[in-house]
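Trainee: Note that the protein sequences, when read in sequence, are chains A and B. Heads up: the first sequence is residues 1 to 67, going by my numbering. Heads up: the second sequence is residues 1 to 215, going by my numbering.
Hint data in this document are derived by calculation from the structure and do not stem from the laboratory. No false leads were slipped in.
The calculated label-pair distances, taken between Cβ atoms and stated as ranges, are:
no., chain 1, residue 1, chain 2, residue 2, range
1, B, D171, A, E41, 37 to 43 Å
2, A, F47, B, P94, 22 to 28 Å
3, A, S67, B, K153, 24 to 30 Å
4, A, L16, B, D206, 33 to 39 Å
5, A, F47, B, G133, 18 to 24 Å
6, B, R204, A, L40, 34 to 40 Å
7, B, S73, A, V39, 38 to 44 Å
8, A, I26, B, D71, 51 to 57 Å
9, A, D53, B, D167, 28 to 34 Å
10, A, D15, B, R202, 41 to 47 Å
11, B, G123, A, D15, 50 to 56 Å
Even glycine gets a Cβ: it sits at the ideal position worked out from N, Cα and C.
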Amino acid sequence: MLGFGKTQAIKLDRDLFDRVKKIADIAGYATVEEFVAHVLEKEMIHFEDAKSDEDIRNKLRGLGYIS
Amino acid sequence: MLKSLFGGRKSYGEPIVIVSGLPRSGTSMMMKMLDAAGIPIMTDAIRTADVDNPNGYYEFERVKDLEKETDRSWVREARGKALKVISWLLKDLPDDNAYDIIFMRRDIDEVLASQNKMLVNRGESGGENDSPGDEMMADAYRSHLASVRIMGKKKPNWRLIEIRYDDSVRDPAAVARSVNAFLGGKYDERRMLTAVDSKLYRNRKDQLPAAGTAG
Numbered sequence: 001m002l003g004f005g006k007t008q009a010i011k012l013d014r015d016l017f018d019r020v021k022k023i024a025d026i027a028g029y030a031t032v033e034e035f036v037a038h039v040l041e042k043e044m045i046h047f048e049d050a051k052s053d054e055d056i057r058n059k060l061r062g063l064g065y066i067s
Numbered sequence: 001m002l003k004s005l006f007g008g009r010k011s012y013g014e015p016i017v018i019v020s021g022l023p024r025s026g027t028s029m030m031m032k033m034l035d036a037a038g039i040p041i042m043t044d045a046i047r048t049a050d051v052d053n054p055n056g057y058y059e060f061e062r063v064k065d066l067e068k069e070t071d072r073s074w075v076r077e078a079r080g081k082a083l084k085v086i087s088w089l090l091k092d093l094p095d096d097n098a099y100d101i102i103f104m105r106r107d108i109d110e111v112l113a114s115q116n117k118m119l120v121n122r123g124e125s126g127g128e129n130d131s132p133g134d135e136m137m138a139d140a141y142r143s144h145l146a147s148v149r150i151m152g153k154k155k156p157n158w159r160l161i162e163i164r165y166d167d168s169v170r171d172p173a174a175v176a177r178s179v180n181a182f183l184g185g186k187y188d189e190r191r192m193l194t195a196v197d198s199k200l201y202r203n204r205k206d207q208l209p210a211a212g213t214a215g
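Please build the complete structure, drawing on both the sequences and the hints.
Mentor: Rendered as structure tokens:
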């Protein structure tokens, strides 16, 4: 995913960038970009997870809030 | 963009007051507060009061079909009124209305405990082996709520205020003041207070079991 594909730059607050860089170094990531991409991929699973959407739908249906 | 150049939200007509949030986060109580304040309520009273909501649900049945229906033009009939729409269905509201959204927030563990009790009361507790645990549901709900917040920042026809359920019970006067100010300051806050019944705040976090909050 990283490396040879097309990339886009994202601006980060300087303090946040310094903290990210520090953690990326400690955790052994090759680059800050690799660390940020990994964290974002992990977080986005929650938003893109169709299974959790279906879990919510089932719950709401059981509670009588959707048809 | 054009909307903001040519009248902004006014071009959507009179706003619809939406009371939203996860089920069991105080949406019915807020509807009752608005009702007491004199705001017209869009409800068909089909879902009647029960042990989970002794003061009634203030629902409009057709809302439940919002996700499936293709013709949602009926929502326009709620202009100038208050309509209860659970957070999951906010994404399905048509974009040709202005929405003043009162978004009820409650601790996720309390929400789940209350929902689980309601499922039992509705005889829907079967199939537990297939359903996700509370921890997974809490994660799913948190992601969902984050999505709603993101959506709220993108929609030019939305205004949104977040109200905490525990604040509503602890300091209803302050909450009534906030809600009234959000809606233009034209309603009777003292009448709103009469709708708050602290005895109905039943699944409090400090009284929940440490794990497996059902029941």
